[in-house]
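Trainee: Residue numbers (the working numbering), protein chains in the order written: chain A, 1 to 524; chain B, 1001 to 1478.
It should be emphasised that the hints constitute simulated quantities derived from the structure, not laboratory data. Careful, some of the hints might be misleading.
To be verified - Restricting the straight-line Cα-Cα distance to at most 20 Å, the calculated cross-link-like pairs of lysine-lysine (PhoX-like) are:
| # | chain 1 | residue 1 | chain 2 | residue 2 |
| --- | --- | --- | --- | --- |
| 1 | B | Lys1474 | A | Lys386 |
| 2 | B | Lys1324 | B | Lys1344 |
| 3 | A | Lys283 | A | Lys264 |
| 4 | A | Lys276 | A | Lys264 |
| 5 | B | Lys1272 | B | Lys1131 |
| 6 | B | Lys1450 | A | Lys386 |
Claimed, not checked - Residues on chain A that point at chain B, a partial pick, calculated with CB under 10 Å:
| # | residue |
| --- | --- |
| 7 | Lys91 |
| 8 | Ser98 |
| 9 | Phe263 |
| 10 | Phe266 |
| 11 | Glu334 |
| 12 | Leu378 |
| 13 | Ser379 |
Even glycine gets a Cβ: it sits at the ideal position worked out from N, Cα and C.
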Amino acid sequence: MLRASLREVSAALKEGRVTPTELCQKCLSLIKSTKFLNAYITVAEETALKQAEESEKRYGRGQPLGVLDGIPVAVKDNFNAAGIETTCASKMLKGYISPYNATVVQKLLDQGAVLLGKTNLDEFAMGSGSTDGIFGPVRNPWSYSRQYKEKSVPKSHSQEDEESNWVITGGSSGGSAAAVSSFTCFAALGSDTGGSTRNPAAHCGVVGLKPTYGLISRHGLIPLVNSMDVPGILTRCVDDAAVVLGTLAGHDPKDSTTIQDNFKPFDLPNLTDVSKLSIGIPKEYHAPGLSSEILSLWSKAADLFKNAGAKVIEVSLPHTRYSIVCYHVLCTAEVASNMARFDGLEYGHRSDMNKSTESMYAATRREGFNDVVRGRILSGNYFLLKQNYENYFIKAQKVRRLIANDFVKVFGSGVDILLTPTTLSDAVPYMEFIKEDNRTRSAQDDILTQAANMAGLPAINVPTGLSERGLPVGLQFIGQSFQEKQLLTVAKWFEKQVKFPMIQLEVKRHDHGAFQHQKSASFS
Amino acid sequence: MAAAARGYSGVWRRAWQRAVACNARGGAVLAGKSGLAPWVPVVGLEIHAQISSNSKLFSGSQVQFAAPPNSLVSFFDASLPGTLPSHQNGSSAVVQKLLTGVLNRRCVEAAVMTGLALNCSINKKSLFDRKHYFYADLPAGYQITQQRVPIAVNGSLSYSLCIDNKMSQMVTKTVRIKQIQLEQDSGKSLHDDTRSQTLVDLNRAGVGLMEVVMEPDMCCGEEAAAAVRELQLILQTLGSSQAVMAEGQLRVDANVSVHHPGEHYGVRTEVKNINSIRFLAKAVDYEIERQIEELENGGTILNETRAFDSKLGCTVPMRDKEGKQDYRFMPEPNLPPLILYDAKSLPANMNHQQVVNIDWIHERLPDLPSVKRAKLVEQYGILPEHSFTLLVLAELWKGEGKTPLEIVKEKKLELIQDQKELEQICQAVIDGQENEVMAIKAGNRKVLNKLIGLVQRETQGRSNPVLVKQLLEKKLSE
């Protein structure tokens, strides 16, 4: 049951083949069994069970709120959820109980979804590994898959080898991706500023949707870059992403950057004829460091469309190579501004230093933020200094417009959707990942995803195949503004063609050193 | 402290003398120490007026003076993580689903009214920025303001001054208004030195402010005071701000510098913590004198912020504001540009309730104080300076239904029009002041002023001094 899709399990609930409480309990139990993944920061067991009970009553009356009623979901820990700790994986907000729900959280709850808990991330969503939060790194469930073990783990099969061999989830929404990938929930919310939903989706073999900027409310999402952040949706298949999108999208008076137009939720058609479709392959996305495996997969995907009758053409987005630097300037500038509110006065961590207000601020922020956050704040403030503003911030804004215009031109020339890789390679082992610093990693890993954030365009990762090491690799589709229906329709067609394999998760219990091998059959 | 006070009183004496000199000439040049070049003082003002509205600029919290601390604070006002500026009051039934939905409409209208009243150009598109600095009463670590493109620019304010402190001649002056911008107010800090702590009340955080920037066209404390008084009257007439300084609804910072005629402007200081119009005049005059003295003694003026100490009557450097601040201005990414319309640009399918229409507001502006005063002088034949008093009274009497005419009659404020009556009074004064009459006839013309003064007292100020002078001179020459 837990491996089912959201729509399937929703049908099961409606038909009474399973109850919301049973479903919730199963998920909670699995969360416990997969605790070593470190995907969850907070598990809201009591409230989740209560929500499940309420849902059960509604089903009993024959009055479910909708498709999401009774469905267990998880939310990244940078979304405010009332009454639950919202930490952003930072000491600055450890113990902070939010008094309000983010709009997207409220919408899920209003539809009867069961909120299992808050998922792990890089501190304040800064990072591409989900390794730099105070609660420790998230482990990619595929590290414990038969597929990976068969291909990668050395013959000794000892516990130590497995311990050191586990791979990262990617980030920064690694916890949400891992939660969906390991079947502990049917959908999870992430956030996407430079690729933070699509990157872990690719590494964890799940669907990761970045909607058009302005389609989904950011009220209650603790911001990284206000002009680029969007709530992201992680599910196990494209249809499920469309369902969740339908619940979340639409104008929010509390967020003035959401569009006013009415949003109509849609069902995805089953596309059979792609001959009218024009797929663009941007040549600049053949980026340095792109693994030959992924290059080959990308090429095969292009052929897939071609052979099915679609028009596949090479296009150019000439300013792609400036996007890293441009993103760095704009991102750090906004970060410096957004983090200014964390001074220890009203909420969050406050240092014991009390010689003066200034010294208290300094100590609080030094103690509360990790190096990554502090580094970005310093950079950002530098770029915003009066003497630098013109040369850095304004310049970056201009370059941003050029990057956005690249897409406008390409879409204007008749291309419907762009097809690109999502990541440069499959997931690397944690021990290897941490050899490079966060900034270097982010710069490398974001190259394929951040342009969509700068242009505000919708983009989606679709799991495509397994690498030689037995790990997931995904491909990315980038669509036109507010054309999610078209984007998801094409993604769904592609998903159907590639038939990405289900993870064969082998879970060992790691508590008290005891080993209990649980077969994957137990998850049905 | 005592030595400083002695020094200050010396500065004060000279300041008063120079101030009188400034007004008498009606000009802006002060004599230097004997032998030294003269000085031109230059005074600009930054005035923050709290907008009179029921709710805050970017949140639905109520606005109320003297409410229990931290009782009018929304999540956004407290800068809780994840909150965004928006003006949706949860209980508000009328959701203005449009272009000003994210911003308190009343605040926008107040700024437009004020801009029009000050002859400004209203920018149909204005932008919001973040101004960053750390302070206990600024929970977000930045203030939302309008630095790049404010809502109104390039206006002017005319105000009147009495010359020679004698209420006998008024001169009209103009100060240019550089701009008016909408911005958030901060909260309030109360420093409790005995317990080494600071108490922060965020009730005021996020209340809408209009910052009115007056160009350095003024030359002394009296001009600054007069300009602010006139602005106060205008704001109160429009209803855009109650502008009561004592309640913090009107705050004034002065920018003061001095230079020699023909040279560049000098380094300016900013003077803050001015709590009344009277103190404004004192603070400005003190600062001008302090700078002159400093420069004449070979010192330099620091570009610093100083606080006015009302007890000592002087300005002192502000501890917290040492060193120049870089506010790292950045566009506010969560707010779209503020778009206003006029009759020409108003889209066909929208009415005045859905958007802010500059022309619609213009048509409904009430008579400004200067217009009202002119009408009073013309219609009722009173002295211009009385028209000032009347308008203030009219404001005080607001709500009691008395018209200015009724007040004039009640308070016997109209001029004595009857020439005969005036002649009789003049004669009576002459008869009663033998010594003075002799002095005048002996050639001491100055004593005539005393007689004029006596007539004024007798008539309770209801005589035109120019006419009185003529009558007295006529009688004395007979």
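Trainee: Out of the numbered hints, which ones does the structure contradict?
Mentor: Numbers 1, 2, 3, 4, 6, 7, 9, 10, 12 and 13 - these are the hints that the structure violates, sorted from lowest upward.
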